[in-house]
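S.K.: Spelled out from the first residue to the last, the chains are:
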Amino acid sequence: QVQLQESGPGLVKPSETLSLTCAVSGGSMSPYYVSWIRQAPGKGLEWIGYIYFSGNTNYNPALRSRVTLSVDTSKNHVSLNLMSVSAADTAVYYCARHEAPAASWFDPWGQGTLVIVSS
Amino acid sequence: DIQMTQSPSSLSASVGDRVTITCRASQSIRNFLNWYQQMPGKAPKLLIYTTSTLQSGVPSRFSGSGSGTDFTLTITNLQLEDFATYYCQQTYSTRWTFGQGTKVEIK
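Protein chains in written order, with the working numbering: chain A, 7 to 125; chain B, 145 to 251.
A few of these clues could be false.
[Said to hold, decoys possible] No more than 27 Å apart at the CA atoms, straight line, and that leaves these computed lysine-lysine pairs for DSS-like: (1) A:Lys49 / B:Lys189; (2) B:Lys251 / B:Lys189; (3) B:Lys247 / A:Lys19; (4) B:Lys189 / B:Lys247; (5) A:Lys81 / B:Lys251; (6) B:Lys186 / B:Lys251; (7) A:Lys49 / B:Lys186; (8) B:Lys186 / B:Lys247; (9) A:Lys19 / A:Lys49; (10) B:Lys189 / A:Lys81; (11) A:Lys19 / B:Lys251.
Worth flagging that the hints you see were computed from the coordinates, not collected in a lab.
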């Protein structure tokens, strides 16, 4: 059974770069997509972007200028970098797998990791 | 981007009730609409995909319907474990968007 697990620093200073990793276990990354989704405290879900196992990416236009996703299939993990963070980027960050760039669904999800942006 | 609007934002119901949550898209998304359930402090869980297909293991008291711009999630015979927040999601476009969520609370 495929499982996803997010990891990374729980505290990031304003203006710095948030870096998280999503480890995929129990299955191959091929031929799947992995998306990142975030949820600010008490708020709804916001899709950040996805990456295909081959490295193709698609980002939320609202975050595109600050987001980079990368994949390492040898390590079975996907990385998220979000630059120039502010308090508005404080959220639980989830990764989730899907089978297509559209007409698909997120399953499974990782458990999520809370990132707080504060000095 | 396609905007997804859920209603109501919250509702109170009793065990055994029938509950209906509505999700409206700002343009037609055909049937590319998914529903997720989120318990407090937990990751969302896929309930229904492509409008009406139940994910494996999801109880049959959950059902989904709709097409185009208007969709519904119905829970019949509401159980204690169903009190949660529910999100719709469109995947018609390659820029995926969610509804704002509907919190189902115990009356």
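S.K.: Does each hint fit the structure? Answer for all of them.
M.R.: Tested hints:
1. A:Lys49 / B:Lys189: holds (17 Å)
2. B:Lys251 / B:Lys189: holds (24 Å)
3. B:Lys247 / A:Lys19: Roughly 32 Å separates the two Cα atoms, so the pair is violated.
4. B:Lys189 / B:Lys247: holds (15 Å)
5. A:Lys81 / B:Lys251: violated (48 Å)
6. B:Lys186 / B:Lys251: holds (22 Å)
7. A:Lys49 / B:Lys186: Answer holds: Lys49 of chain A to Lys186 of chain B is near 14 Å, not above 27 Å.
8. B:Lys186 / B:Lys247: Holds - the C-alpha atoms of Lys247 of chain B and Lys186 of chain B are around 14 Å apart, at most 27 Å.
9. A:Lys19 / A:Lys49: Holds, at about 22 Å.
10. B:Lys189 / A:Lys81: Since the Cα atoms of Lys189 of chain B and Lys81 of chain A sit roughly 26 Å apart, the hinted pair holds (cutoff 27 Å).
11. A:Lys19 / B:Lys251: violated (42 Å)
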